[in-house]
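*Asks:* Given next are the chains, with one letter for each unit.
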Amino acid sequence: MILQLKPFDENLLSGNAGPAARFAMELIVKIARIFQAQRLIDISWAHVASCYYNARPSLDFAELLARGGAKVRVPTTLTAGSIDLVHPEFQRGDADSAAAARRLVALHRSMGCEVTMTCAPYQIGRRPKQGEHIAWCESSAVVFANSVLGACTNRYVEFFDICAAITGRVPDVGLHNRENRRGQVLFRLKDMPQWLLGEDAFYHVLGYLIGREADMRVPVIEGIPRTVSEDQLRALGAAAAAAGPVSMFHAIGVTPEAATLEAACHGLSPEQTIDVKPAKLATARAALSTPLTRELSAVCLGSPHFSITEFEKLTPLLENVRVHPSVKFYVSTNRQVLAELKERGWLPSYQRAGVTLVADTCTYFAPVMEGCAGAVMTNSAKWAYYAPGGLGAQVVFASLEECVRSAAAGKVRCDEKNWLTQ
Amino acid sequence: MQASCVLIEGTCSAEALVLVERLSFWGGLDPTTGRIIDPHHPQNGLSITGRLLVLPGTRGSTSAPSTLAESIRCNTGPKGIILAERDVTIVVAVSLTAKLYDKSIPVVVIETDDYYQIRTGQKLQIDPNGRVWL
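Protein chains in written order, with this note's numbering: chain C, 28 to 449; chain H, 1294 to 1427.
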């Protein structure tokens, strides 16, 4: 079990390619040894989070790399950052942090990264193929790449991700190995009414529940209809990856490596089977809301970045709707989707309705929101999971329709008849 | 007890703080105060500053390393870390603070039942060979 390095790897370690490449390869090799990798493998795409300004070390490290001559060796995209570079007027944080955030993105651009600024790199026009090895950060993108696209990536963290981009190499461990993609814990949907399986919110809640229960094991889900949409699958993955260390799931008959239960589990039996009944989902759903108040201060959609198909659902709902003056309505998305909205001529209808479209970042961590003294409604389990800690917000998790209705009324307006107790 | 694996070499002596669940540093730790600020975590509100942090592993965000690195830079972080499993986030964070600020803490993994013998409040020592002494 000794790590075998190639001459290319040794060359970077020797410092011949500059101090930045040397440090990057040292870190890759350190992690490879810790996880007992036998070799490093090539990646075809890096998606990095080290462009997100969180604290001083974020900037200090990028400066160190840039000074050391760092250049990325593979196509590299950037995840959502801490500011909206498209709409700088939204910025409400302190000026120093904003300047640091801009500097951080500029440093990454100088290393050769594409300034995509999205947590949904699979929305930018090209996608990794099944079986392709990539090094992506951002838990929701990782789970989408592995589960829905069948590409192979571990859940890379910031700093390590840019080192993978600079070297083009990662340790051959985890989900890069086929045997680790085997489904281990089976979640069986039981007694779910058919209509519920068509609801977007169902997939958010199911994902949250699976994230809490699967832990490090790869979950397999039985009972998801073949008609499930890509947005629903990504909601499931994003919620699971926020609530737990999930990096991949299988949906039998739906996802590429799970034609059957046997295929998903590589012919072995699942280590555990968990039945998911409506009551269990209701409990999980309740945990996503912290409603101490019914006063509504904001609606936040788009975690992960709102897709064009989600906008196709939202646009008609906003027809004849005007957001109440006491409510802020934000949708986070990326530049690529924003350009598509512009192309379709939809931007004026959002302006008219009083909806703010935020690009490049996300409302649960960027200082763009104007106050969240009352409840904030969201249709995203991921947003609902992070906002109470990140923003100190009271959150009401609801459907897209309920969010729009409440925004117009200026008060939380959920269906009296709970969708899970019907 | 002997560590199964030394992730970052070093020595330290401090009082243990045993976390009963994984911690997400980003959104879960305030690096300016060293306190856990994750409402989903049962030990929300506790301070990790100057403690020997004992935790099963990390959880959640991609941006965890910079939060831990910032707490080490600001001296609000732990004096050392004992994990139940190998962890990339912590290795990356400490490798960075060592390189950028010349500040490092020992990090070891105990994969045996010895891990579960450690109690909050115990005075522990990590030696240069990765042994943990009560």
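Everything labelled a hint here was simulated from the structure, so no lab data went into it. Take these hints with a grain of salt, some might be off.
[Unchecked claim] Facing chain C, a subset of chain H residues (Cβ under 10 Å, in silico): (1) 1319; (2) 1326; (3) 1352; (4) 1360; (5) 1427.
Built from N, CA and C at the ideal position, the CB exists for glycine as well.
*Asks:* Hints first: check each against the structure and report whether it holds.
*Replies:* Going through the hints against the structure:
With a cut of 10 Å, the hint placing residue 1319/H at the interface with chain C holds, because the nearest CB-to-CB distance is about 7 Å. Given the 10 Å rule on beta carbons, the hint for residue 1326/H is violated: about 13 Å separates it from the nearest Cβ of chain C. A least Cβ separation of about 6 Å between residue 1352/H and chain C falls short of the 10 Å threshold, and the interface hint therefore holds. Below 10 Å, beta-carbon pairs count as interface contacts, and residue 1360/H has one with chain C at about 6 Å; its hint therefore holds.
A distance limit of 10 Å between C-beta atoms decides the matter here; for residue 1427/H the minimum to chain C is near 26 Å, and the interface restraint is violated.
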